[in-house]
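Starting from the known structure of chain A, arrange chain B on it as the hints suggest.
Listed here are the chains, written in short residue letters.
Number of protein chains: 2
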Amino acid sequence: MAQPSFTAIVEALPETVPFVGPEAIERQTGIATRARLGANESGFGPSPKVIATLRDATPEFWTYPDPENFELRSALAARLGIASDEIAIGEGIDGLMGQLVRLFIEPGDVVVTSLGAYPTFNYHVVGYGGDLRFVPYAGVHEDPEALAALARETGAKMVYLANPDNPMGSALPAADIARFIAAVPDTCVIVLDEAYLETAPEAPVPIDTARPNLIRLRTFSKAYGLAGLRCGYAIGNRRLVGAFNRIRNHFGVNKAVQVAALAALADEAYLHWAVDAIAAARTRIARIAEDNGLTALPSATNFVAVDCRRDGAYALAVLKALAAEGVFVRKPAAPGLDQHIRISAGPDAALDVLAAALPVALAHAQSAP
Amino acid sequence: MAQPSFTAIVEALPETVPFVGPEAIERQTGIATRARLGANESGFGPSPKVIATLRDATPEFWTYPDPENFELRSALAARLGIASDEIAIGEGIDGLMGQLVRLFIEPGDVVVTSLGAYPTFNYHVVGYGGDLRFVPYAGVHEDPEALAALARETGAKMVYLANPDNPMGSALPAADIARFIAAVPDTCVIVLDEAYLETAPEAPVPIDTARPNLIRLRTFSKAYGLAGLRCGYAIGNRRLVGAFNRIRNHFGVNKAVQVAALAALADEAYLHWAVDAIAAARTRIARIAEDNGLTALPSATNFVAVDCRRDGAYALAVLKALAAEGVFVRKPAAPGLDQHIRISAGPDAALDVLAAALPVALAHAQSAP
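As given, the protein sequences belong to chains A and B, one line each in that order. When we follow this note's numbering, the leftmost residue of the first sequence carries the number 5, and every step to the right adds one. When we follow this note's numbering, the leftmost residue of the second sequence carries the number 5, and every step to the right adds one.
Just chain A, same shape as in the assembly (with noise of 0.2 Å):
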């Protein structure tokens, strides 16, 4: 039968869903998520006064919201210390990584990441055919000399490293990063993915717009408890950032994702308490898997990587066990990280659940065939 050919790209890609959510994994199981601590996001929510906002400006998400951003991004640059040309706001990292791919990734280009690190960028890169390259983790961190170098040999155009790392949660020091980036050619575009920057120890390298081949991927969805609403934004040079209004969808941004991020940027002592609160719970989780025999390791994150100290299969049967209890956890697939779980940071009432479910999982995990 005649009917419309998609692309060639398209026409390769296979329908996928990046992460699949506890919703789907509920439906197929019909096993309630007694707690969700797999997605990495912030079970103590968003600031009360963000909820309030948020409330009040309910009746005014009749009018379109501003195509700019433009209060937004005022309200960032302000308190980084750049200009609002040099920020772009995003549906999410995601959003941005999708838009980032596009503006500079032609079909055959090198793109270099980690081996293990955050899927959903490779989901941009393929989708726009791209030729990924990968650098496998050095234990358990990202191993920027290694991305630097591979950059140059391939003449990659794009090259991605977050600090701190998902999956592991680990943290490099900021010299490390200045180092990897001084290391990147200019022509190759650096992706800093800085989602956790709140949860980590060390402040990181200074923002340098001047430079003219690095953008930094920040969020609402993590620290500031706002997954929900999907609101990430870019920092780079205005060449770069500027570049994101040839291609976005320039109302993607929506008066809620505005409203609540605006309001989340206020509440600086809200913050202070949620990542303090993270810090706690990582500490929690810390005691449980070590209660259970297991190693946790650091975290610069909302989140704690626990090493299951057996194969990959095994970690999955863990998994699996956990959520047959009602816990939802994730973790990484890449070999050398596949023996570790992933456990979010989330309220005292999640992380009972947790502690009463991982012996009942590690049991069952135990006695598999």
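Don't read these hints as lab results, they were simulated from the structure. Watch out, some of these pointers could steer you wrong.
[Said to hold, decoys possible] Computed spacing ranges between beta-carbons, pair by pair:
no., chain 1, residue 1, chain 2, residue 2, range
1, B, Thr287, A, Trp277, 52 to 62 Å
2, A, Trp277, B, Pro52, 58 to 68 Å
3, B, Glu75, A, Arg242, 40 to 50 Å
4, A, Gln32, B, Gly112, 53 to 63 Å
5, A, Gly159, B, Ile211, 47 to 57 Å
6, A, Asp356, B, Thr20, 22 to 32 Å
7, A, Ala87, B, Thr20, 12 to 22 Å
8, A, Asp190, B, His145, 49 to 59 Å
9, A, Ala182, B, Pro140, 52 to 62 Å
[Unchecked claim] In silico negatives: residues of chain B with every beta carbon more than 12 Å from chain A:
no., residue
10, Pro8
11, Gly47
12, Arg83
13, Gln103
14, Leu107
15, Ala153
16, Ala178
17, Asp180
18, Gly232
[Stated by the list, open to error] Residues on chain B that point at chain A, a partial pick, calculated with CB under 8 Å:
no., residue
19, Gln7
20, Thr11
21, Glu149
22, Ala150
23, Gly246
The C-beta atom is built at its ideal place from N, Cα and C for all residues, glycine as well.
Showing chain B alone in chain A's frame:
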């Protein structure tokens, strides 16, 4: 200085905003908008039940949205009597258009639309390197026969038609649309924009998801009063609709959108009330126009195209004079349509401002050099 190079397509694109928002106009002119009647929003707002539901849901915005939009797709499917995998949800019709173009248009592919039709569609076509070809309006209607003919002649990959039409507010009979659909080759994607469906006088052509090349786009931005949240949906056969899953930003439709659209869909009584209120506002806009010696066109939408009965420059002067009075309206720019201004339906308070401002604006425009 060495810097990363954009793709060839992006290099040629300007930084742009398809529609300058009234917020930007306020920032530029310092004149506060007293009547927001330019963006075809609904000043009647969403249902009070939607507002209440949204308010109740705000504490849950810490979790990522369901990337499958399962509940909303299911509800729409039930309403429309089709399968849920024949529906895709996107960040407004704008977002869906960008994805559709990306799925099908390679550089140089021909895309047919009407001269003066929705500019954001054109923005996306140009953004993927498509070759836009234009058919003039036939009076105040798009010309479906000519659109189909040009699509055939040029071997177009895609053809766009809005019914009801924006910016003229006209509607074509369903029989004409059915003939148009049949006249377009099966290899050419038909983008049937039904943003203004709810306010149309006649039922649309029946949904036929067996057709391999028809995508219908609908929205919660117009009669449902939720422009600020940006929720559009696409209806079509499984192959077309499923393809969005190859490229979309899966978490791009946020939780506020999902919650609000579901609640809006459930409140049919409010929709009927809003459609009636919009119809009454159209009647009043027409009366205001005619009281001032202008001609209001019949409207099947939530706005009225008003013929200023001189040339495009005069209509632009009227628009600017209205803006000086704090009345935000828009106007078509295409030859043959540009003597019109486009006034959105709104509540009486806004139309009172319009009624007072229009004679003043006309006097200014008439005395302009």
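Hint numbers contradicted by this structure: 2, 4, 6, 10, 11, 13, 14, 18, 21, 22
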